[in-house]
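*Asks:* Going down the list, the protein sequences come from chains A and B.
All letters in the first sequence, in the order written, are residues 355 to 803 by my numbering.
All letters in the second sequence, in the order written, are residues 213 to 842 by my numbering.
If you're looking for bench data, these hints aren't it; they were derived computationally from the structure.
Computed from a predicted structure; not experimentally measured.
Hints are supplied without guarantee of correctness; some may be wrong.
[Unchecked claim] Restricting the straight-line Cα-Cα distance to at most 20 Å, the calculated cross-link-like pairs of lysine to aspartate or glutamate (DMTMM-like) are:
(1) A:K557 <-> A:E448
(2) B:K527 <-> A:D531
(3) B:K527 <-> A:E536
(4) B:K733 <-> A:E762
(5) A:K786 <-> B:E661
(6) B:K305 <-> A:D537
(7) A:K803 <-> B:E535
(8) B:K305 <-> A:E540
(9) B:K398 <-> B:D343
(10) A:K757 <-> B:D764
(11) B:K443 <-> A:E530
(12) B:K478 <-> A:E530
(13) A:K760 <-> A:E540
(14) B:K412 <-> B:E388
(15) A:K794 <-> B:E661
[To be verified] Over 12 Å on every C-beta distance to chain A, these chain B residues come out as not near it, computed from the model:
(16) G344
(17) Q377
(18) S401
(19) G431
(20) F456
(21) A462
(22) N540
(23) Q697
(24) K721
[Said to hold, decoys possible] So the derived list for chain A, only partly shown, Cβ under 7 Å to chain B, looks like this:
(25) K465
(26) F468
(27) I469
(28) E523
(29) I526
(30) D527
(31) P529
(32) D532
(33) G764
(34) E766
(35) N788
(36) F796
(37) C800
(38) I801
(39) G802
(40) K803
The C-beta atom is built at its ideal place from N, Cα and C for all residues, glycine as well.
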Amino acid sequence: MIDTIIAQATPSGESAISVIRVSGPLCHKIAKNACNYENISPRISKLTNYHGIDGKHLDQVIITYFKKGYSYTGQDSLEISLHGNPLLSELVCEDLLKRGCRLALPGEFTKLAFINGKIDLSQAESVAQIISAKNEISLLAAQRNLKGGLSKILLRIQEQILILQASIEAHIDFPEDDLDTEDKTEQSNLTNTILQELKDLIKQASRTHLLQKNIRVCLFGLPNAGKSSLFNEMIGKKRALVHEKAGTTRDYLEEELKIGKYWITLIDTAGIHNTKNEIEMLGVELSNQQICDADIILWVVDDSVPYPTKLLHKHACMLKDKIYILVKNKIDVGSSQCKALISGASIQKISCEKKIGLNELEDLVEQKISQLVGNETDNDLFIGKRHAYLIKQCLHEMNEFQKGLKKEIGFEMITYHLVNARDYIGEMIGLKTNENMLDKLFGQFCIGK
Amino acid sequence: MPLKVDNHDLPYDVIVCGAGHAGCEAALAASKQDAEVLLLTGNLDTIAQMSCNPAIGGQGKGQIVREIDALGGEMGLNTDFTAIQFKLLNTSKGKAVQAPRAQCDKKSYQLRMKHVLEQQSNLTIFQAMVDGLIVEDKNCKGVTTTMGLPFYGKSIIVTTGTFLQASTHIGEKKAEGGRLGDHVSKGLSAHFIKHGIELKRFKTGTPPRLLGRTINFRGLETQEGDCLPTKFAFYDSRSEKETFHVEHNARWSKDCTNILGQNLIKCFITQTSPKSHELISNNLHLSPLYKGEILGIGPRYCPSIEDKVVRFCSKESHRIHLEPEGVNCDEWYINGLSTCLPFHIQQQLVQSIPGLEKAIITRPAYAVEYDYAPPTQLTPNLESQILSNLFFAGQINGTSGYEEAAAQGLIAGINASRKALNKNLFSIERSEGYIGVLIDDLTTKGVSEPYRMFTSRAEHRLLFNYGSAEFRYLHKSLDYKLLSQSRIENIRKYLDLVVHWFEKLSKLKGPSGKTFTQELKSKSNHYETLPADFQSLPKSVTDEVIYRILYDGYLQREINSAKILKSCNGMNIPNDFQYNDLPGLRKESIEKLSQIKPTTLGQASRISGVNPSDITVLQIYINRFQKKFK
Numbered sequence: 355m356i357d358t359i360i361a362q363a364t365p366s367g368e369s370a371i372s373v374i375r376v377s378g379p380l381c382h383k384i385a386k387n388a389c390n391y392e393n394i395s396p397r398i399s400k401l402t403n404y405h406g407i408d409g410k411h412l413d414q415v416i417i418t419y420f421k422k423g424y425s426y427t428g429q430d431s432l433e434i435s436l437h438g439n440p441l442l443s444e445l446v447c448e449d450l451l452k453r454g455c456r457l458a459l460p461g462e463f464t465k466l467a468f469i470n471g472k473i474d475l476s477q478a479e480s481v482a483q484i485i486s487a488k489n490e491i492s493l494l495a496a497q498r499n500l501k502g503g504l505s506k507i508l509l510r511i512q513e514q515i516l517i518l519q520a521s522i523e524a525h526i527d528f529p530e531d532d533l534d535t536e537d538k539t540e541q542s543n544l545t546n547t548i549l550q551e552l553k554d555l556i557k558q559a560s561r562t563h564l565l566q567k568n569i570r571v572c573l574f575g576l577p578n579a580g581k582s583s584l585f586n587e588m589i590g591k592k593r594a595l596v597h598e599k600a601g602t603t604r605d606y607l608e609e610e611l612k613i614g615k616y617w618i619t620l621i622d623t624a625g626i627h628n629t630k631n632e633i634e635m636l637g638v639e640l641s642n643q644q645i646c647d648a649d650i651i652l653w654v655v656d657d658s659v660p661y662p663t664k665l666l667h668k669h670a671c672m673l674k675d676k677i678y679i680l681v682k683n684k685i686d687v688g689s690s691q692c693k694a695l696i697s698g699a700s701i702q703k704i705s706c707e708k709k710i711g712l713n714e715l716e717d718l719v720e721q722k723i724s725q726l727v728g729n730e731t732d733n734d735l736f737i738g739k740r741h742a743y744l745i746k747q748c749l750h751e752m753n754e755f756q757k758g759l760k761k762e763i764g765f766e767m768i769t770y771h772l773v774n775a776r777d778y779i780g781e782m783i784g785l786k787t788n789e790n791m792l793d794k795l796f797g798q799f800c801i802g803k
Numbered sequence: 213m214p215l216k217v218d219n220h221d222l223p224y225d226v227i228v229c230g231a232g233h234a235g236c237e238a239a240l241a242a243s244k245q246d247a248e249v250l251l252l253t254g255n256l257d258t259i260a261q262m263s264c265n266p267a268i269g270g271q272g273k274g275q276i277v278r279e280i281d282a283l284g285g286e287m288g289l290n291t292d293f294t295a296i297q298f299k300l301l302n303t304s305k306g307k308a309v310q311a312p313r314a315q316c317d318k319k320s321y322q323l324r325m326k327h328v329l330e331q332q333s334n335l336t337i338f339q340a341m342v343d344g345l346i347v348e349d350k351n352c353k354g355v356t357t358t359m360g361l362p363f364y365g366k367s368i369i370v371t372t373g374t375f376l377q378a379s380t381h382i383g384e385k386k387a388e389g390g391r392l393g394d395h396v397s398k399g400l401s402a403h404f405i406k407h408g409i410e411l412k413r414f415k416t417g418t419p420p421r422l423l424g425r426t427i428n429f430r431g432l433e434t435q436e437g438d439c440l441p442t443k444f445a446f447y448d449s450r451s452e453k454e455t456f457h458v459e460h461n462a463r464w465s466k467d468c469t470n471i472l473g474q475n476l477i478k479c480f481i482t483q484t485s486p487k488s489h490e491l492i493s494n495n496l497h498l499s500p501l502y503k504g505e506i507l508g509i510g511p512r513y514c515p516s517i518e519d520k521v522v523r524f525c526s527k528e529s530h531r532i533h534l535e536p537e538g539v540n541c542d543e544w545y546i547n548g549l550s551t552c553l554p555f556h557i558q559q560q561l562v563q564s565i566p567g568l569e570k571a572i573i574t575r576p577a578y579a580v581e582y583d584y585a586p587p588t589q590l591t592p593n594l595e596s597q598i599l600s601n602l603f604f605a606g607q608i609n610g611t612s613g614y615e616e617a618a619a620q621g622l623i624a625g626i627n628a629s630r631k632a633l634n635k636n637l638f639s640i641e642r643s644e645g646y647i648g649v650l651i652d653d654l655t656t657k658g659v660s661e662p663y664r665m666f667t668s669r670a671e672h673r674l675l676f677n678y679g680s681a682e683f684r685y686l687h688k689s690l691d692y693k694l695l696s697q698s699r700i701e702n703i704r705k706y707l708d709l710v711v712h713w714f715e716k717l718s719k720l721k722g723p724s725g726k727t728f729t730q731e732l733k734s735k736s737n738h739y740e741t742l743p744a745d746f747q748s749l750p751k752s753v754t755d756e757v758i759y760r761i762l763y764d765g766y767l768q769r770e771i772n773s774a775k776i777l778k779s780c781n782g783m784n785i786p787n788d789f790q791y792n793d794l795p796g797l798r799k800e801s802i803e804k805l806s807q808i809k810p811t812t813l814g815q816a817s818r819i820s821g822v823n824p825s826d827i828t829v830l831q832i833y834i835n836r837f838q839k840k841f842k
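Work out the full structure, taking the sequences as your base and the hints as a guide.
*Replies:* Here is the structure:
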């Protein structure tokens, strides 16, 4: 019954490679099932592909196996080197959790190393200090994250779970007391409320989870404004077809690249215009969708020709609630035809042809991202990896509880789901015990036959 | 053996101080382990007295009595033989949370238990009040008594209940005594403190008793017992000799085989009226609870009527149960009317309740305040960590309830005798039964109010159904010789049958063409269609087989999680482990750990205020410590 634990061994964020460490009995299974690497031999690095549990290809990886007794922790261990993209590490970590691993606690690898005799005894003290320090730091970090909205919501959920449990336990433990008759609808309503709160949290978590996914930067503009040229310039290779004929880009293209310290997904879209061509119309529709989902818009205009007045207003309206940069392209050809386009907008003049203003544009994009990310960190509902994991586990337990409730299985059979759910929330904001449940019980019900 | 007074050669293996529910089990368990035992009590006429309600069992408690019986204790048999009404609780719910309860004839209960003690070999009972400890080098070697006679023994068990520095309260009237009309134990408290044992104060209360002929039962709701009683002791595994062990041996050799299964009485239910609530509200200032005269903490699950009225003011009335105290008397216990209001208010209060308008109070309600010794000062074997050879059991450990007390008495009795006889000590884990949960809660978490068992305290209550106690404890009763050889063999035989039939029913096809297991699970099977050779098995076997089939998946999950709990317990913490100045441990944890001295890492992790990172750090140091001394 030993857990298999995982953690990213390299600092999160961008880097050439990132390494995920796995320690525990599941290593062989993971090597075989995820990396198609059977009969793994120790200490030999192998280039292979990592496939998710759903069979989807995630990344090309280098995997190294360390045999029990000969690894850092002393257990069977794997080191999986991925391309250094935070999104990828995130996906692989999530996949490993689905395969039955759990996230390591602060200092847990080092602890195992000690317990399995891989670290000198004289190091024990420093290990202990590291663990308690790391724990303090992560606790502080958690508390910082939890200040405000999120902790309030979690406390409320925890409270509701306790009340729900108390109402069930009261009827189990005090069958002869003068309690109101057991009201299953009330318990089922309370369950629904808790489930809804958890689902909302998860929804918000993924929406505001900017640091853990790439920022989506989307090119937008009229046909032939030079969006694809700019796209190619930014990713540094000819990926998109470029042609002077308008409407060349019909599908949208995505590439990942780094701007300053951020990873972004840059999206090239079909030009927005009224068209009767069916394929082009589909392209326009896709563009609209991409713009909706984007975090930052680069509004590319051909500065050598005037912007059609009718469309100008319409497009400005479309971007009303978006963060965007007005990119005036082709300044080598014409001069400021769209001078007074939108007042107050961030503007960058460039020429893809003559490579003017491109670095400045990148700087401006970086600046916009840091504003965006900064704002999001201040947001109450920033939810870290571990928290998101715990909230999902809690949701799972509550779902199981509800299933039991619907099947009218005796309460005594399913209360353990509530205890588990309570403990998952407790790991974020402080554990509650049976004693806390009893406090609720005696507060809520008049016990004392 | 004649009474050995003032003999410094430690003539007794075990001396038990107090003959309540804990003391009786302790003395019996110790003498059954072949120890020479002396039981001292202040009053031989109040042995095993039910100071509060005249009932044994109930939720959580009924299961404990079954466990006591499975470990060779007497409480189950004593209840069965003196019960006047049996009732299985929670029958509307699953078997896992059903529990037996019985109203008992209070006097018969005492008399039979006294006779059991009288008949027990290796056991001497003697009436004397213990007033001090004899201690040498942190070793407890004996006790002194108010008669001036000292007694010496290898192990001492203190089961003094609520008698330490006890005072009773009725309104403003305060008197000394651990029970109304009873004595108080004064000297012991001072001795405990002198030797470094901490004491704190709790409070509890009991309702008035009424004269039955003055109660108007007409129109009151009745509560009858079950026609088929659910007993507390296991009989399938016992021979008749073991079943009627005291009855057969009694001098008058009475034929008591037909006493079992009596359903002699009815209980009644009434409720408080608006007038009662008005009366209480108007006179709250007279209750010592509200005047701040009682400082001890009382149990929340057993509040006084004034507490109920104040805290749940929206409730228009509170239910009152009327329970007879026996068949040879006409005193009635008024369950739900515990109070410490002055007597004249009590009288008006009683008379404000339907059916009790003309009732006469025979004994007033009162509160009692007493010293208890916080049980975190004990090891899981219930031995003091401060003075060796000194054991504590029962209400002195901050518990409440006859069943909780008896369970502790049993464990303390087994261990005190084993220690005296130089045998390995006995303990029960949380994952094994309610008694394990009880003792771990007490010694690890301590108490903040008089402790009572709730099934929610057990992580694996589905495994702790009342029917399985004998099977669960089989390996313990075998290893520690707690039961007779023949009973152990029977239990083992039955357990094999349980396993065998559990398998067999999953393969045999029933009338519908599905297996019996499938039929049972889908509730389409009524037991009478089960194979005849199955039905002819002892009830303890068939019940357990059906239980295991019905809850199969859930039980498997509980067994797995119990295993995890057990493996977490795994690492033992050395006795002499020092927590002071360990880098990485928080100060709060160091204090708690040094005080409670957990014996395993699992126990350490359950101490409140000790967090998971402390456990990790601790694990590292224990490893280092052990490697150093290997």
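*Asks:* Does each hint fit the structure? Answer for all of them.
*Replies:* Comparing the hints with the structure gives:
1. A:K557 <-> A:E448: holds, 17 Å
2. B:K527 <-> A:D531: Judged against 20 Å, a Cα distance of about 14 Å means the pair holds.
3. B:K527 <-> A:E536: holds, 17 Å
4. B:K733 <-> A:E762: At roughly 14 Å apart (the allowed maximum being 20 Å), E762 (chain A) and K733 (chain B) satisfy the hint.
5. A:K786 <-> B:E661: holds, 18 Å
6. B:K305 <-> A:D537: Judged against 20 Å, a Cα distance of about 14 Å means the pair holds.
7. A:K803 <-> B:E535: It holds: about 12 Å lies between the C-alpha atoms, which stays within 20 Å.
8. B:K305 <-> A:E540: holds, 18 Å
9. B:K398 <-> B:D343: holds, 7 Å
10. A:K757 <-> B:D764: holds, 18 Å
11. B:K443 <-> A:E530: holds, 19 Å
12. B:K478 <-> A:E530: holds, 15 Å
13. A:K760 <-> A:E540: holds, 13 Å
14. B:K412 <-> B:E388: It holds: about 17 Å lies between the C-alpha atoms, which stays within 20 Å.
15. A:K794 <-> B:E661: Holds, at roughly 15 Å.
16. G344: Check passes; 36 Å lies beyond 12 Å.
17. Q377: holds, 26 Å
18. S401: holds, 28 Å
19. G431: Holds: least Cβ distance 19 Å, greater than 12 Å.
20. F456: Given a closest Cβ separation of 31 Å, the condition holds.
21. A462: It holds; A462 (chain B) is separated from chain A by about 35 Å at its closest Cβ, greater than 12 Å.
22. N540: holds, 25 Å
23. Q697: holds, 36 Å
24. K721: The assertion about K721 (chain B) holds, with a minimum of 26 Å to chain A.
25. K465: holds, 5 Å
26. F468: holds, 6 Å
27. I469: holds, 6 Å
28. E523: holds, 5 Å
29. I526: The hint holds - I526 (chain A) has a Cβ within 7 Å of chain B, the shortest such distance being about 5 Å.
30. D527: holds, 5 Å
31. P529: holds, 5 Å
32. D532: For D532 (chain A), the interface hint holds, since the closest Cβ of chain B sits about 4 Å away, which is under 7 Å.
33. G764: holds, 4 Å
34. E766: Status holds, d = 5 Å.
35. N788: holds, 6 Å
36. F796: Check passed: Cβ of F796 (chain A) comes within 4 Å of chain B, closer than 7 Å.
37. C800: holds, 4 Å
38. I801: holds, 5 Å
39. G802: Interface hint status for G802 (chain A): holds (5 Å vs cutoff 7 Å).
40. K803: holds, 6 Å
Of the numbered hints stated above, none is contradicted by the structure.
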